[in-house]
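J.: Knowing the structure of chain A, use the given hints to seat chain B on it.
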Amino acid sequence: MGAMDRRVVVTGMGICAPNATGLDAFALALREGRSGIRFLPELKTLNFGCQIAGYPIITDEYINNYFTVLERKGLRSNGLIYGVIAGRDAWNDAGLEIDPDGEPDWASGILFGTGLLGVDKFRESVYHVDEGQVRKLGSNSVMQTMASGISAFLGGMLGCGNQVSTNSSACSTGTEGIHMGWERIRSGQADRMLVGSCSDSGPYIWGGFDAMRILPRAYNDNPEAASRPMSASAAGFVPGSGAGALLLESLESARQRGARIYAEVLGGAVNCGGQRNGGSMTAPNPIAIRRCIREALERSGIGGREVDSINGHLTATSRDAEEIGNWSVALGRSGNDFPLVNSFKSTLGHCLAAAGSIECVGALLQFREGVVFGNTNCEDLHPGIAALIAPEKVPLRSVALPMQILAKASFGFGDVNACVIFKRFTN
Amino acid sequence: MNSMNTEAYYQKLKDIIGPYLPEDVSADEIQMDSHLVNELNINSANLVDIILDVEDEFDITLENADMDAMQTVRDAMELISKKQQPDMPEQPGI
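Chains as they are written, first to last, in the working numbering: chain A, 1 to 427; chain B, 1001 to 1094.
Bound-form chain B, shown alone:
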């Protein structure tokens, strides 16, 4: 992920997460290392909705294990980046 992509993805993620914040947490509090549930106080039931929104926005599919791994904004960025890389073909052995 180049730096331009990073900034654009970060902004898109903040836009996705924004509506799920409780009333007493402002969107300005979203940081790269914010923990979605523990720090941003997002209702854990809404994590499945955030996953669906991320899938739609970035045109990827996330698995249950990915959801468990997505604890912070940075985790989400890394997951998106990984999922968007085309699978490398296996190198034939010599």
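Next comes chain A alone, as it looks inside the complex:
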């Protein structure tokens, strides 16, 4: 096998999600449809229309397992906290060691994406600067607010000596990162890539979306029912936060280490709709989405007929029906012939830059659990979806399925798209 077509597998995962932290708790939460969406009094005080969000609940004691006393001093970047938890957990889950005194691991890199890191820290810094007190920023303001702060932090913690960088492509960031890590390993430039993404919690991240009036406003007293992907009553996406991480590895390296393998990454694609053909800053060009899915399938050597399950982007807006339509055209399947499809955003909310990585971790846990996780809040399937596919293809409860091929896509502001194809691992 040449250097250009090395097989790539997933050997570790980590998760810090609104409804669970840690893989086993996350699998259980998705299996049972447990929601992590809650009312936030702070958003009410600040006059937000949407006063609910999905965000991880983690205790100080838990955070202390990942940061030293010094690192915690002035630590106000919650995206960084989520990312470090997910990233280090994925590394450990893969059975990799941390050697604080050894040489850098030249064959291991990190690509950990984000949208805007450490916004609470940045706010604090802005106040100091405006008061003429720039010196009060101290030494840790830069690393908590630079986009690559999360990669830099993990890079030092784990001692990675390959590429250590950060990608950013709005809500497709996490899925794009898997594609980019896969390319780097496949082409022989790295043996292992820790890929993932994180997104901050809080009013300064979510406020812009509230101002755009694209968040649901009628569910402040009923948060768990607010996020309704594929539903006729979908009223907008619920903002979320957290982090997911995957340790991608060449099959060769995984075999040498005797590592447990969650799935194989067959291939992927990223593209942009150019904000043409009906695409815009916020709406997708449908032709681009179909091309992205088809390209991912072709590169994976997989026909549309072989896909068993789709984990969609499906944010809970009226556009969900268009997404299902695009999958239908790209796969050449509809009605009873359509694969099972789910969206985790009903229980997570839309975790923005972290969405793709968090959802990929959840989607891959389906291989381990032998099920396709069910959808919540879409008992009233959108008529535009019911016209395209059989309603039972949108399972309302987790269903047993020996899934072989899983397709995952994420789309983002800027009309950007990412799609990755995973396969149950077999020798």
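Careful: at least some of the hints might be erroneous.
List time: in silico PhoX-like cross-link candidates among lysine-lysine, alpha-carbon distance up to 20 Å [what the hints assert, rightly or not]: (1) 1083(B) - 73(A); (2) 73(A) - 1014(B); (3) 1012(B) - 73(A).
Since the hints were derived computationally from the structure, they do not count as laboratory data.
For clarity, every value in this text was computed on a predicted model and none was experimentally measured.
T.: Relative to chain A, chain B alone:
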């Protein structure tokens, strides 16, 4: 600075410096003449944080030159003591 103050300041400084020590240096190793960077192995980037903590604890303001002068624990003690003395009014000439 009387001796009671000296002991109290010394303890407060040790408390401030403690969290900045690398894992392999114990707080017991902090001595009056310990060099913060060369002997206690404190990351020089953290000196600005120690300065801010000292300012908050003792309610003083330190300048860039003060930071350069603060090499050891004793240097810090002397700086604090100097900054806390009210400025003496100039004596009028006769």
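J.: Given the proposed pairing of residue 1012(B) with residue 73(A), does the C-alpha separation stay at or below 20 Å?
T.: Holds: residue 1012(B) and residue 73(A) sit about 17 Å apart, inside 20 Å.
J.: Taking 20 Å as the top limit, are the C-alpha atoms of residue 1083(B) and residue 73(A) close enough?
T.: This hinted pair is violated, its Cα atoms lying about 26 Å apart.
J.: Compare the distance between the alpha carbons of residue 73(A) and residue 1014(B) with 20 Å, and conclude whether the hinted pair is satisfied.
T.: Distance of about 16 Å is within 20 Å: holds.
When each numbered hint is compared with the structure, a violation occurs for hint 1 only.
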